[in-house]
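The residues making up each chain are set out below.
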Amino acid sequence: MKSEILYPGAFPMVRVELAAGEHIKAESGAMVASSPTVDIESKMEGGFLGALSRKLLTGEKFFFQTLRASRGPGEVLLAPTVPGEIVIMELDGVNEYLVQKDGFLAGAESVSIESKMQSLSRGLMGGEGFFILRISGKGTLILNSFGAIHKIELKPDQEYIVDNSHLVAWSATTSYNIEKAASGWVASFTSGEGFVCRFRGPGVVYIQSRNPGSFGNWIRQFIPVSE
Amino acid sequence: MTEFHPNALCFGHEFPASGAPCLVHVEDHGLTIAFAHDTAESRSEAVSFSDLTVSAGGQDHDQLVLKWTGPQGERTLYLKNPDVIRTFRQAAPDHLTAPLERAAERVRQVRHRRRMVWSAVGGIVLAFVLGLWFGADLLVELAVARIPVEWEQKLGESAYKDFLAQQDIVKEGIARSAVEEITHRLTAQIPNNPYKFEVTVVKSDVVNAFALPGGYIVVFTGLMKKADSGEEVAGVMGHELNHVLQRHGLERIVKQLGLVAVVSIVLGDQQGLVGLAKQLGVELLTLKFGREQETEADLTGLQLLYRAKIDPSGMISFFQRLSEKDEGRMEWLSTHPMSQGRADRLKAELAAMPKLSPAPFTFEWAKVRESLGASLLTGK
Numbered sequence: 001m002k003s004e005i006l007y008p009g010a011f012p013m014v015r016v017e018l019a020a021g022e023h024i025k026a027e028s029g030a031m032v033a034s035s036p037t038v039d040i041e042s043k044m045e046g047g048f049l050g051a052l053s054r055k056l057l058t059g060e061k062f063f064f065q066t067l068r069a070s071r072g073p074g075e076v077l078l079a080p081t082v083p084g085e086i087v088i089m090e091l092d093g094v095n096e097y098l099v100q101k102d103g104f105l106a107g108a109e110s111v112s113i114e115s116k117m118q119s120l121s122r123g124l125m126g127g128e129g130f131f132i133l134r135i136s137g138k139g140t141l142i143l144n145s146f147g148a149i150h151k152i153e154l155k156p157d158q159e160y161i162v163d164n165s166h167l168v169a170w171s172a173t174t175s176y177n178i179e180k181a182a183s184g185w186v187a188s189f190t191s192g193e194g195f196v197c198r199f200r201g202p203g204v205v206y207i208q209s210r211n212p213g214s215f216g217n218w219i220r221q222f223i224p225v226s227e
Numbered sequence: 001m002t003e004f005h006p007n008a009l010c011f012g013h014e015f016p017a018s019g020a021p022c023l024v025h026v027e028d029h030g031l032t033i034a035f036a037h038d039t040a041e042s043r044s045e046a047v048s049f050s051d052l053t054v055s056a057g058g059q060d061h062d063q064l065v066l067k068w069t070g071p072q073g074e075r076t077l078y079l080k081n082p083d084v085i086r087t088f089r090q091a092a093p094d095h096l097t098a099p100l101e102r103a104a105e106r107v108r109q110v111r112h113r114r115r116m117v118w119s120a121v122g123g124i125v126l127a128f129v130l131g132l133w134f135g136a137d138l139l140v141e142l143a144v145a146r147i148p149v150e151w152e153q154k155l156g157e158s159a160y161k162d163f164l165a166q167q168d169i170v171k172e173g174i175a176r177s178a179v180e181e182i183t184h185r186l187t188a189q190i191p192n193n194p195y196k197f198e199v200t201v202v203k204s205d206v207v208n209a210f211a212l213p214g215g216y217i218v219v220f221t222g223l224m225k226k227a228d229s230g231e232e233v234a235g236v237m238g239h240e241l242n243h244v245l246q247r248h249g250l251e252r253i254v255k256q257l258g259l260v261a262v263v264s265i266v267l268g269d270q271q272g273l274v275g276l277a278k279q280l281g282v283e284l285l286t287l288k289f290g291r292e293q294e295t296e297a298d299l300t301g302l303q304l305l306y307r308a309k310i311d312p313s314g315m316i317s318f319f320q321r322l323s324e325k326d327e328g329r330m331e332w333l334s335t336h337p338m339s340q341g342r343a344d345r346l347k348a349e350l351a352a353m354p355k356l357s358p359a360p361f362t363f364e365w366a367k368v369r370e371s372l373g374a375s376l377l378t379g380k
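Which chain is which? The protein sequence lines are A and B, in order. So in the working numbering, spot 114 of the first sequence is number 114, and the numbers just go up one at a time. So in the working numbering, spot 125 of the second sequence is number 125, and the numbers just go up one at a time.
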């Protein structure tokens with residue numbers, strides 16, 4: 001499997017080349033185009049209940065689609081729903097990433113995806129909800145962000161503070177605490193930040209340069225109200 | 001050469017920030033750490049137990065973190081493979097036992113605290129749901145009491161108009177005046193009536209009649225044809241009028257909306273809340289009343305008939321007859337399930353009332369039915 005990002009920037013696409021018999025899991029609806037040798041199967045990763053819990057709890061699409069080059073080698077073009085960058089990572093079997101629910105675009109079949117419940121405080125205030133995806137295994141993992149994606153590298157015990165709605169993915173070797181953005185409660189919210197995450201290395205944290213929630217609020221004022 | 005199967009991540013100044021995958025072997029004196037041989041030379045490092053410090057780390061504090069300073073500088077090793085951790089704990093000398101125990105204790109504490117918090121949350125949610133389940137009727141009553149009649153009328157009116165737009169309405173004739181007379185006889189007996197009742201006769205073979213919040217009542221000709229007397233129709237209408245007066249429709253809506261709203265909020269589905277408002281019109285027409293509401297409407301309907309000097313035995317016999325016959329489209333029964341208990345209850349109630357000298361209607365019911373049959377024949 002070989003993958004390549006086309007049109008890097010705000011409106012990228014990924015081209016994935018599949019050898020005969022190879023397959024890739026993608027977020028449902030992510031396929032843009034494919035060779036005629038590629039079949040689309042929808043698959044409920046983790047069984048029906050797993051898929052149902054992912055749908056209800058993480059808001060992730062109910063089905064993943066499996067794109068399989070069943071009749072010979074072929075290629076697939078994949079794109080996320082939102083404008084923003086795509087990043088391709090190679091998982092080595094020991095690295096494990098926690099991914100915010102909208103961050104997953106596609107992954108090799110050998111990559112495992114499970115819903116993971118966060119602690120109460122992280123779930124309530126972390127901005128990603130109670131459930132996030134834990135992605136492990138070996139192979140290619142393709143993530144997408146809203147806006148540009150930025151990688152923060154943390155040395156052991158190095159700390160960094162991230163606004164919670166800008167999180168995309170972070171390695172399982174990091175840990176984080178939720179904190180108020182400013183020292184007082186009122187100042188925290190009037191500063192427009194609310195809660196932030198204090199990450200502690202080692203590991204990497206991928207963040208997105210735009211906040212989907214804020215963008216939604218901004219765009220709402222332009223949507224005509226019927227009646 | 002065999003494939004490289006790393007079981008740990010090593011961090012150090014020359015490694016990538018996401019850590020270098022490595023293969024850890026636990027030996028008698030300490031650890032050997034082999035790195036992937038992407039370069040020609042295969043590299044490995046060794047560290048003795050005496051140089052290590054141990055702690056718990058990672059997202060859930062469930063990884064074993066080993067730190068030491070070697071010839072290559074500071075090293076941090078993250079172990080999460082349970083087999084490696086077990087082997088390490090067995091081989092570790094005494095001076096590491098206490099820190100290892102502390103790390104394990106930390107993991108247990110985090111897990112325990114998380115379990116406690118989630119069981120507490122689960123308990124609160126359960127208590128909340130149970131409270132809602134049992135306290136719902138009280139809450140609904142409180143909420144309904146705060147809704148002004150004007151709102152109720154607007155709500156009912158829009159559903160009423162939507163419904164009638166697709167129906168064949170009986171605008172004049174003896175059937176219509178008969179229904180008007182029944183309505184007038186009944187509504188005149190309602191003290192402090194806040195509703196302006198509006199009754200429409202709809203041409204349809206469906207045996208049904210229903211009331212919308214705000215006082216909008218629809219009677220189908222199918223029901224009138226099934227009735228043997230004006231008193232029987234009056235019985236059904238008395239029952240329907242009381243659904244409005246007791247605000248049963250509103251209670252059902254508030255209950256249904258409340259449930260969906262709570263579920264939507266819990267599942268974080270705002271789309272559901274928006275869709276709710278649109279659903280409202282549809283809900284109104286498919287409302288089913290609860291058993292208690294039916295009984296209430298029965299009893300208050302009976303009393304209303306009594307006050308209006310309409311013979312209530314017509315109501316009881318009609319209800320019974322409707323439930324016995326399982327023919328045609330008895331829609332009224334699907335929304336108003338009849339039971340022997342309900343009829344018995346009404347009979348007992350009626351027997352307890354002082355003897356009534358009923359005042360007859362001015363119309364002749366046989367003629368009303370005839371007009372319906374004739375008009376339906378010409379209409380088709």
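Bear in mind the hints are in silico, worked out from the structure with no lab data behind them. From the three backbone atoms N, C-alpha and C, an ideal C-beta is built for every residue, glycine too. A few of these clues could be false.
[What the hints assert, rightly or not] Calculated lysine-lysine pairs in the DSS-like style (CA-CA distance at most 30 angstroms, straight line): (1) B/Lys225 x B/Lys309; (2) B/Lys225 x A/Lys138; (3) B/Lys80 x A/Lys155; (4) B/Lys67 x A/Lys138.
[Stated by the list, open to error] One side of the interface only, derived from the structure: several residues of chain A facing chain B at Cβ under 8 angstroms: (5) Gly93; (6) Asn95; (7) Leu98; (8) Ala148; (9) His150; (10) Glu153; (11) Pro156; (12) Thr173; (13) Ser175; (14) Pro202; (15) Gly203; (16) Val204.
Results of checking the hints against the structure:
no. : hint                : result
1   : B/Lys225 x B/Lys309 : holds (23 angstroms)
2   : B/Lys225 x A/Lys138 : violated (75 angstroms)
3   : B/Lys80 x A/Lys155  : holds (19 angstroms)
4   : B/Lys67 x A/Lys138  : holds (26 angstroms)
5   : Gly93               : holds (6 angstroms)
6   : Asn95               : holds (6 angstroms)
7   : Leu98               : holds (6 angstroms)
8   : Ala148              : violated (19 angstroms)
9   : His150              : violated (13 angstroms)
10  : Glu153              : holds (3 angstroms)
11  : Pro156              : holds (4 angstroms)
12  : Thr173              : holds (5 angstroms)
13  : Ser175              : holds (6 angstroms)
14  : Pro202              : holds (4 angstroms)
15  : Gly203              : holds (6 angstroms)
16  : Val204              : holds (5 angstroms)
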